[in-house]
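*Asks:* In our numbering, the protein residues as written are 1 to 304.
It is worth saying that the hints were derived from the structure and are not from the lab.
Treat the hints loosely; a few may be bogus.
[What the hints assert, rightly or not] Restraint ranges, calculated between C-beta atoms of paired labels, are given here: (1) R243 to E123: 29 to 37 angstroms; (2) Q87 to A284: 14 to 22 angstroms; (3) R112 to Q23: 50 to 58 angstroms.
[To be verified] Listed next, the in silico SDA-like pairs over lysine to any residue satisfying Cα-Cα at most 20 angstroms (straight line): (4) K54 to T31; (5) K276 to G137; (6) K156 to V258; (7) K276 to Q119; (8) K276 to L115; (9) K156 to V144; (10) K276 to P118; (11) K156 to L235; (12) K276 to L152; (13) K156 to R129; (14) K156 to I99; (15) K156 to S285; (16) K276 to R112; (17) K54 to E14; (18) K29 to A6; (19) K29 to L48; (20) K276 to V109; (21) K276 to A122; (22) K156 to L104; (23) K276 to E88; (24) K276 to G107; (25) K276 to Q87; (26) K156 to L126; (27) K276 to V124; (28) K156 to A284; (29) K54 to S17; (30) K156 to E130; (31) K54 to H16; (32) K29 to E14; (33) K276 to T151; (34) K156 to V131; (35) K54 to Q20; (36) K156 to D132.
Keep in mind that this is a model prediction, so the values were computed, not measured.
Glycine is no exception: its CB is placed at the ideal position from the N, C-alpha and C atoms.
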Amino acid sequence: MGLDDALIFTRVVECHSFTQAAQSLGMQKSTVSRRIALLEERLGVRLLNRTTRKLRLTEVGQAYYERCRQIMLDFAEAEQAVMQLQQEPSGLLRITAPIEFGQLFLGGVLGRFMLQYPQISAEVELTSREVDPLEEGVDIAILVGQPRDSTLIARKLFESPRRLYASSDYLARHGTPRTVLELAEHRAVHLPIDSARYWPLLGEHVPCQRALATNNLTLAREAALAGAGIAALPLMIAEQGVRDGLLLELLPEARLPVGEIYAVYPSRRFQAMKVKAFLDFLMASLPHGSLLEPAAAGLLTSRP
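Sequences are here, hints too, so could you generate the full structure?
*Replies:* The following block contains the structure:
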(Lines of atoms letter the chains of each structure in order from A; the text may use other names.)
(Lines give C-alpha, C1' and ligand atoms only; values in the text may rest on other atoms or scores of the structure.)
Protein backbone atom coordinates (compact mmCIF):
# COMPACT_ATOMS: atom_id res chain seq x y z
CA MET A 1 0.00 0.00 0.00
CA GLY A 2 1.38 3.42 -0.95
CA LEU A 3 1.20 6.09 1.75
CA ASP A 4 0.10 8.62 -0.85
CA ASP A 5 -2.89 6.48 -1.81
CA ALA A 6 -3.76 5.88 1.82
CA LEU A 7 -3.59 9.61 2.51
CA ILE A 8 -5.79 10.48 -0.48
CA PHE A 9 -8.35 7.81 0.38
CA THR A 10 -8.46 8.85 4.05
CA ARG A 11 -8.90 12.51 3.14
CA VAL A 12 -11.75 11.73 0.71
CA VAL A 13 -13.58 9.75 3.40
CA GLU A 14 -13.10 12.43 6.07
CA CYS A 15 -14.10 15.26 3.74
CA HIS A 16 -17.09 13.27 2.35
CA SER A 17 -16.19 14.85 -0.98
CA PHE A 18 -13.72 14.43 -3.82
CA THR A 19 -13.79 18.18 -4.38
CA GLN A 20 -12.98 19.16 -0.80
CA ALA A 21 -10.36 16.44 -0.48
CA ALA A 22 -8.68 17.66 -3.66
CA GLN A 23 -8.62 21.24 -2.36
CA SER A 24 -7.11 20.23 0.98
CA LEU A 25 -4.44 18.17 -0.78
CA GLY A 26 -3.69 20.80 -3.40
CA MET A 27 -4.63 18.43 -6.22
CA GLN A 28 -7.05 18.39 -9.12
CA LYS A 29 -10.38 16.67 -8.44
CA SER A 30 -9.85 14.49 -11.53
CA THR A 31 -6.47 13.37 -10.15
CA VAL A 32 -7.98 12.38 -6.80
CA SER A 33 -10.79 10.47 -8.52
CA ARG A 34 -8.32 8.68 -10.78
CA ARG A 35 -6.06 7.73 -7.87
CA ILE A 36 -8.98 6.22 -5.94
CA ALA A 37 -10.07 4.28 -9.03
CA LEU A 38 -6.54 2.95 -9.51
CA LEU A 39 -6.39 2.01 -5.83
CA GLU A 40 -9.61 0.04 -6.08
CA GLU A 41 -8.36 -1.63 -9.25
CA ARG A 42 -5.10 -2.62 -7.60
CA LEU A 43 -6.87 -4.00 -4.53
CA GLY A 44 -9.56 -5.68 -6.58
CA VAL A 45 -12.38 -4.31 -4.40
CA ARG A 46 -14.80 -1.39 -4.32
CA LEU A 47 -14.04 0.93 -1.44
CA LEU A 48 -16.61 3.66 -2.06
CA ASN A 49 -20.12 3.74 -3.40
CA ARG A 50 -20.51 7.02 -5.27
CA THR A 51 -23.67 8.97 -6.05
CA THR A 52 -24.05 12.50 -7.28
CA ARG A 53 -24.64 13.68 -3.71
CA LYS A 54 -22.97 11.24 -1.34
CA LEU A 55 -20.03 8.96 -0.82
CA ARG A 56 -20.61 5.84 1.20
CA LEU A 57 -18.00 3.38 2.36
CA THR A 58 -18.46 -0.26 1.48
CA GLU A 59 -17.90 -2.82 4.22
CA VAL A 60 -14.42 -3.50 2.86
CA GLY A 61 -13.89 0.22 2.44
CA GLN A 62 -14.76 0.80 6.12
CA ALA A 63 -12.19 -1.74 7.27
CA TYR A 64 -9.60 -0.31 4.91
CA TYR A 65 -10.33 3.23 6.09
CA GLU A 66 -9.84 2.29 9.74
CA ARG A 67 -6.44 0.80 8.97
CA CYS A 68 -5.44 3.77 6.83
CA ARG A 69 -6.59 6.23 9.49
CA GLN A 70 -4.45 4.46 12.10
CA ILE A 71 -1.46 4.60 9.79
CA MET A 72 -1.99 8.34 9.29
CA LEU A 73 -2.26 8.85 13.06
CA ASP A 74 0.95 6.86 13.63
CA PHE A 75 2.68 8.88 10.93
CA ALA A 76 1.57 12.17 12.51
CA GLU A 77 2.71 10.92 15.91
CA ALA A 78 6.11 9.99 14.51
CA GLU A 79 6.52 13.47 13.01
CA GLN A 80 5.52 15.04 16.31
CA ALA A 81 8.04 12.90 18.18
CA VAL A 82 10.83 13.99 15.82
CA MET A 83 9.86 17.63 16.21
CA GLN A 84 9.86 17.29 19.99
CA LEU A 85 13.34 15.77 19.87
CA GLN A 86 14.48 18.91 18.11
CA GLN A 87 12.82 21.14 20.69
CA GLU A 88 14.08 19.45 23.87
CA PRO A 89 17.30 17.39 24.07
CA SER A 90 16.36 13.76 24.63
CA GLY A 91 17.29 10.25 23.62
CA LEU A 92 20.54 8.25 23.67
CA LEU A 93 23.75 10.23 23.26
CA ARG A 94 26.73 8.12 22.14
CA ILE A 95 30.19 9.61 22.75
CA THR A 96 33.77 8.40 22.43
CA ALA A 97 36.71 10.25 23.96
CA PRO A 98 40.38 9.86 24.92
CA ILE A 99 40.77 8.04 28.21
CA GLU A 100 42.29 10.87 30.23
CA PHE A 101 39.89 13.49 28.88
CA GLY A 102 36.98 11.28 29.85
CA GLN A 103 38.28 10.56 33.34
CA LEU A 104 39.39 14.09 34.22
CA PHE A 105 36.74 16.18 32.54
CA LEU A 106 34.04 14.56 30.44
CA GLY A 107 32.36 12.56 33.21
CA GLY A 108 31.55 15.63 35.29
CA VAL A 109 30.36 17.65 32.30
CA LEU A 110 28.13 14.85 31.04
CA GLY A 111 26.68 14.31 34.51
CA ARG A 112 25.71 17.97 34.82
CA PHE A 113 24.29 17.95 31.29
CA MET A 114 22.08 14.94 32.09
CA LEU A 115 20.95 16.63 35.30
CA GLN A 116 19.79 19.61 33.25
CA TYR A 117 18.21 17.40 30.57
CA PRO A 118 16.80 14.30 32.31
CA GLN A 119 15.42 12.88 29.05
CA ILE A 120 19.02 12.24 27.93
CA SER A 121 20.74 8.89 28.43
CA ALA A 122 24.34 8.29 27.39
CA GLU A 123 26.85 5.67 26.32
CA VAL A 124 30.54 6.64 26.56
CA GLU A 125 33.54 4.69 25.32
CA LEU A 126 36.97 5.88 26.44
CA THR A 127 39.62 4.82 23.95
CA SER A 128 43.01 5.81 22.57
CA ARG A 129 42.07 4.89 18.98
CA GLU A 130 40.65 7.30 16.40
CA VAL A 131 36.93 6.65 16.00
CA ASP A 132 34.96 7.24 12.80
CA PRO A 133 31.50 8.46 13.91
CA LEU A 134 29.91 7.43 10.62
CA GLU A 135 31.15 3.86 10.70
CA GLU A 136 30.49 3.26 14.38
CA GLY A 137 27.20 5.10 14.83
CA VAL A 138 28.64 7.59 17.32
CA ASP A 139 27.00 10.98 17.85
CA ILE A 140 30.21 12.74 18.95
CA ALA A 141 33.82 11.55 18.85
CA ILE A 142 36.30 13.64 20.83
CA LEU A 143 39.74 13.34 19.24
CA VAL A 144 43.26 14.64 19.72
CA GLY A 145 43.96 16.44 16.45
CA GLN A 146 41.75 16.85 13.40
CA PRO A 147 40.29 13.70 11.83
CA ARG A 148 41.74 12.47 8.56
CA ASP A 149 38.27 12.14 6.99
CA SER A 150 37.50 15.50 5.36
CA THR A 151 33.76 14.69 5.16
CA LEU A 152 33.42 14.95 8.94
CA ILE A 153 32.75 18.17 10.83
CA ALA A 154 35.27 19.06 13.53
CA ARG A 155 34.66 21.61 16.26
CA LYS A 156 37.84 22.69 18.01
CA LEU A 157 37.30 22.61 21.76
CA PHE A 158 40.62 23.70 23.20
CA GLU A 159 44.39 23.49 23.05
CA SER A 160 46.32 21.74 25.80
CA PRO A 161 49.86 23.08 26.35
CA ARG A 162 52.62 20.58 27.22
CA ARG A 163 55.57 20.95 29.55
CA LEU A 164 58.53 18.84 30.69
CA TYR A 165 58.23 17.19 34.11
CA ALA A 166 60.27 14.92 36.36
CA SER A 167 60.15 13.75 39.95
CA SER A 168 62.51 15.12 42.59
CA ASP A 169 63.85 11.57 43.02
CA TYR A 170 64.84 11.36 39.35
CA LEU A 171 66.50 14.78 39.46
CA ALA A 172 68.40 13.86 42.64
CA ARG A 173 69.82 10.79 40.87
CA HIS A 174 70.42 12.22 37.39
CA GLY A 175 70.72 15.95 37.93
CA THR A 176 68.55 18.81 36.67
CA PRO A 177 68.94 19.90 33.03
CA ARG A 178 69.72 23.60 32.85
CA THR A 179 69.38 23.99 29.10
CA VAL A 180 67.40 22.28 26.37
CA LEU A 181 70.57 20.77 24.95
CA GLU A 182 71.28 19.02 28.28
CA LEU A 183 68.12 16.92 27.74
CA ALA A 184 70.28 14.70 25.52
CA GLU A 185 71.87 13.35 28.70
CA HIS A 186 68.53 12.39 30.28
CA ARG A 187 66.13 9.48 30.17
CA ALA A 188 62.81 10.12 28.39
CA VAL A 189 59.33 8.82 29.07
CA HIS A 190 57.95 8.95 25.55
CA LEU A 191 54.54 8.93 23.91
CA PRO A 192 54.18 7.37 20.41
CA ILE A 193 53.14 10.74 18.95
CA ASP A 194 56.70 11.90 19.59
CA SER A 195 59.78 10.96 17.62
CA ALA A 196 61.57 7.95 19.09
CA ARG A 197 65.00 9.51 18.49
CA TYR A 198 64.47 13.11 19.59
CA TRP A 199 62.79 15.04 22.34
CA PRO A 200 59.44 16.50 21.14
CA LEU A 201 60.69 20.06 20.88
CA LEU A 202 59.65 22.60 18.29
CA GLY A 203 62.58 23.86 16.22
CA GLU A 204 65.09 21.66 18.08
CA HIS A 205 66.59 18.25 17.33
CA VAL A 206 67.85 17.09 20.70
CA PRO A 207 68.61 13.35 20.89
CA CYS A 208 66.98 11.46 23.73
CA GLN A 209 67.55 8.26 25.66
CA ARG A 210 64.12 6.64 25.51
CA ALA A 211 63.55 4.82 28.80
CA LEU A 212 59.85 4.08 28.30
CA ALA A 213 57.29 4.52 25.51
CA THR A 214 53.53 4.40 25.95
CA ASN A 215 50.30 5.54 24.30
CA ASN A 216 48.70 6.45 27.64
CA LEU A 217 49.22 9.82 29.30
CA THR A 218 48.33 8.60 32.78
CA LEU A 219 50.87 5.78 32.54
CA ALA A 220 53.51 8.26 31.37
CA ARG A 221 52.73 10.54 34.31
CA GLU A 222 52.89 7.67 36.81
CA ALA A 223 56.20 6.50 35.35
CA ALA A 224 57.60 10.03 35.69
CA LEU A 225 56.31 10.19 39.27
CA ALA A 226 58.13 6.92 39.98
CA GLY A 227 61.40 8.37 38.69
CA ALA A 228 61.62 6.59 35.31
CA GLY A 229 62.60 9.74 33.44
CA ILE A 230 61.48 13.13 32.12
CA ALA A 231 58.04 13.25 30.47
CA ALA A 232 56.42 15.81 28.17
CA LEU A 233 52.89 16.00 29.58
CA PRO A 234 49.82 18.19 29.07
CA LEU A 235 49.33 20.64 31.90
CA MET A 236 45.94 19.15 32.80
CA ILE A 237 47.57 15.73 33.31
CA ALA A 238 50.50 16.97 35.38
CA GLU A 239 48.64 19.60 37.43
CA GLN A 240 47.86 17.47 40.48
CA GLY A 241 51.39 16.09 40.72
CA VAL A 242 52.83 19.59 40.56
CA ARG A 243 50.36 20.85 43.15
CA ASP A 244 51.31 18.00 45.50
CA GLY A 245 55.01 18.67 45.01
CA LEU A 246 55.60 15.28 43.37
CA LEU A 247 56.39 16.58 39.89
CA LEU A 248 58.65 19.50 39.03
CA GLU A 249 58.38 21.49 35.81
CA LEU A 250 61.63 21.76 33.88
CA LEU A 251 62.91 24.22 31.29
CA PRO A 252 59.83 26.46 30.94
CA GLU A 253 61.46 28.05 27.91
CA ALA A 254 61.29 24.73 26.00
CA ARG A 255 58.74 24.85 23.15
CA LEU A 256 56.64 21.69 22.80
CA PRO A 257 53.75 20.84 20.46
CA VAL A 258 50.31 21.86 21.68
CA GLY A 259 47.62 19.19 21.79
CA GLU A 260 44.45 20.21 19.92
CA ILE A 261 41.20 18.60 21.04
CA TYR A 262 38.25 18.38 18.61
CA ALA A 263 34.65 17.24 18.85
CA VAL A 264 33.89 15.40 15.60
CA TYR A 265 30.51 14.44 14.16
CA PRO A 266 29.08 13.49 10.76
CA SER A 267 27.12 16.57 9.69
CA ARG A 268 25.78 19.87 10.92
CA ARG A 269 22.74 19.52 8.63
CA PHE A 270 19.60 18.39 10.52
CA GLN A 271 21.76 18.03 13.60
CA ALA A 272 19.91 16.37 16.46
CA MET A 273 19.07 18.71 19.31
CA LYS A 274 20.84 16.41 21.80
CA VAL A 275 24.11 16.76 19.85
CA LYS A 276 23.90 20.53 19.42
CA ALA A 277 22.90 21.06 23.05
CA PHE A 278 25.73 18.91 24.39
CA LEU A 279 28.37 20.54 22.17
CA ASP A 280 27.28 23.98 23.38
CA PHE A 281 27.21 22.75 27.00
CA LEU A 282 30.68 21.23 26.62
CA MET A 283 32.13 24.45 25.21
CA ALA A 284 30.58 26.49 28.03
CA SER A 285 32.02 24.08 30.61
CA LEU A 286 35.65 24.32 29.47
CA PRO A 287 37.83 25.79 32.24
CA HIS A 288 39.60 29.04 31.53
CA GLY A 289 43.15 29.63 32.59
CA SER A 290 46.57 28.10 32.10
CA LEU A 291 45.55 24.44 31.93
CA LEU A 292 43.49 24.72 28.76
CA GLU A 293 43.25 27.27 26.02
CA PRO A 294 39.58 27.27 24.89
CA ALA A 295 39.11 27.54 21.15
CA ALA A 296 36.69 29.79 19.32
CA ALA A 297 33.22 28.31 19.27
CA GLY A 298 33.00 28.37 15.47
CA LEU A 299 32.73 25.20 13.40
CA LEU A 300 35.65 24.06 11.31
CA THR A 301 35.49 21.67 8.39
CA SER A 302 38.27 19.17 9.00
CA ARG A 303 41.09 18.73 6.54
CA PRO A 304 43.31 15.66 6.04
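*Asks:* Does each hint fit the structure? Answer for all of them.
*Replies:* Results of checking the hints against the structure:
Distance hint for R243 and E123: a CB-CB separation of about 33 angstroms, consistent with the stated range 29 to 37 angstroms. One distance hint, 14 to 22 angstroms for the beta-carbon pair Q87 and A284, holds here, with the actual separation near 20 angstroms. With their beta carbons about 52 angstroms apart, R112 and Q23 fall inside the hinted range of 50 to 58 angstroms. Between K54 and T31 the CA atoms are separated by roughly 19 angstroms; this keeps the pair inside 20 angstroms, and the hint holds.
Taking the CA atoms of K276 and G137, the gap is near 16 angstroms; set against the 20 angstroms cutoff, the hint holds. Restraint check: the Cα-Cα separation between K156 and V258 comes to about 13 angstroms, which is no more than 20 angstroms; the hinted pair holds. Of the supplied pair hints, the one linking K276 and Q119 holds, its CA atoms being roughly 15 angstroms apart against a limit of 20 angstroms. Straight-line distance between C-alpha atoms of K276 and L115 comes to about 17 angstroms, which keeps the hinted pair within the 20 angstroms bound.
Restraint check for K156 and V144: the C-alpha separation of about 10 angstroms stays at or below 20 angstroms, so the hint holds. Between K276 and P118 the CA atoms are separated by roughly 16 angstroms; this keeps the pair inside 20 angstroms, and the hint holds. Proximity of K156 to L235 is assessed by CA-CA distance (about 18 angstroms); at most 20 angstroms being required, the pair is judged to hold. Pair hint K276 plus L152 holds up; C-alpha atoms about 15 angstroms apart against a cutoff of 20 angstroms.
Of the pairs offered as hints, the one joining K156 and R129 holds, with about 18 angstroms between alpha carbons and a cut-off of 20 angstroms not exceeded. Between K156 and I99, the direct Cα distance comes to roughly 18 angstroms. Compliance with the 20 angstroms bound is thereby established for this hinted pair. About 14 angstroms separates the Cα atoms of K156 and S285, which keeps this hinted pair within 20 angstroms; it holds. With a CA separation close to 16 angstroms, the supplied pair K276 and R112 stays within the 20 angstroms bound.
Restraint check: the Cα-Cα separation between K54 and E14 comes to about 12 angstroms, which is no more than 20 angstroms; the hinted pair holds. Between K29 and A6 the alpha-carbon distance is near 16 angstroms, which keeps this suggested pair within the 20 angstroms criterion. Distance restraint check for K29 and L48: the Cα-Cα separation of roughly 16 angstroms lies within the 20 angstroms cut-off, and the hinted pair is therefore satisfied. Between K276 and V109 the alpha-carbon distance is near 15 angstroms, which keeps this suggested pair within the 20 angstroms criterion.
Note on K276 and A122: the hinted pairing holds, with a Cα-Cα distance of about 15 angstroms set against a maximum of 20 angstroms. With a C-alpha separation of about 18 angstroms, the suggested pair K156 and L104 falls inside the 20 angstroms cut-off, and the hint holds. Only pairs whose Cα atoms come within 20 angstroms are accepted, and K276 paired with E88 is accepted, the gap being roughly 11 angstroms. Taken as a hint, the K276 and G107 pair is honoured in the structure, with Cα atoms around 18 angstroms apart against an allowance of 20 angstroms.
At roughly 11 angstroms between alpha-carbon atoms, K276 and Q87 fall within 20 angstroms of each other, so this suggested pair holds. Between the alpha carbons of K156 and L126 the distance comes to roughly 19 angstroms, so the proposed pair stays at or under 20 angstroms and holds. As the CA atoms of K276 and V124 are separated by approximately 17 angstroms, the hinted pair is consistent with the 20 angstroms bound. Annotation: proposed proximity of K156 to A284 holds, straight-line Cα distance about 13 angstroms (limit 20 angstroms).
With a C-alpha separation of about 8 angstroms, the suggested pair K54 and S17 falls inside the 20 angstroms cut-off, and the hint holds. Straight-line distance between C-alpha atoms of K156 and E130 comes to about 16 angstroms, which keeps the hinted pair within the 20 angstroms bound. Taken as a hint, the K54 and H16 pair is honoured in the structure, with Cα atoms around 7 angstroms apart against an allowance of 20 angstroms. Note on K29 and E14: the hinted pairing holds, with a Cα-Cα distance of about 15 angstroms set against a maximum of 20 angstroms.
Between the alpha carbons of K276 and T151 the distance comes to roughly 18 angstroms, so the proposed pair stays at or under 20 angstroms and holds. Proximity of K156 to V131 is assessed by CA-CA distance (about 16 angstroms); at most 20 angstroms being required, the pair is judged to hold. Of the pairs offered as hints, the one joining K54 and Q20 holds, with about 13 angstroms between alpha carbons and a cut-off of 20 angstroms not exceeded. Between the alpha carbons of K156 and D132 the distance comes to roughly 17 angstroms, so the proposed pair stays at or under 20 angstroms and holds.
Of the numbered hints stated above, none is contradicted by the structure.
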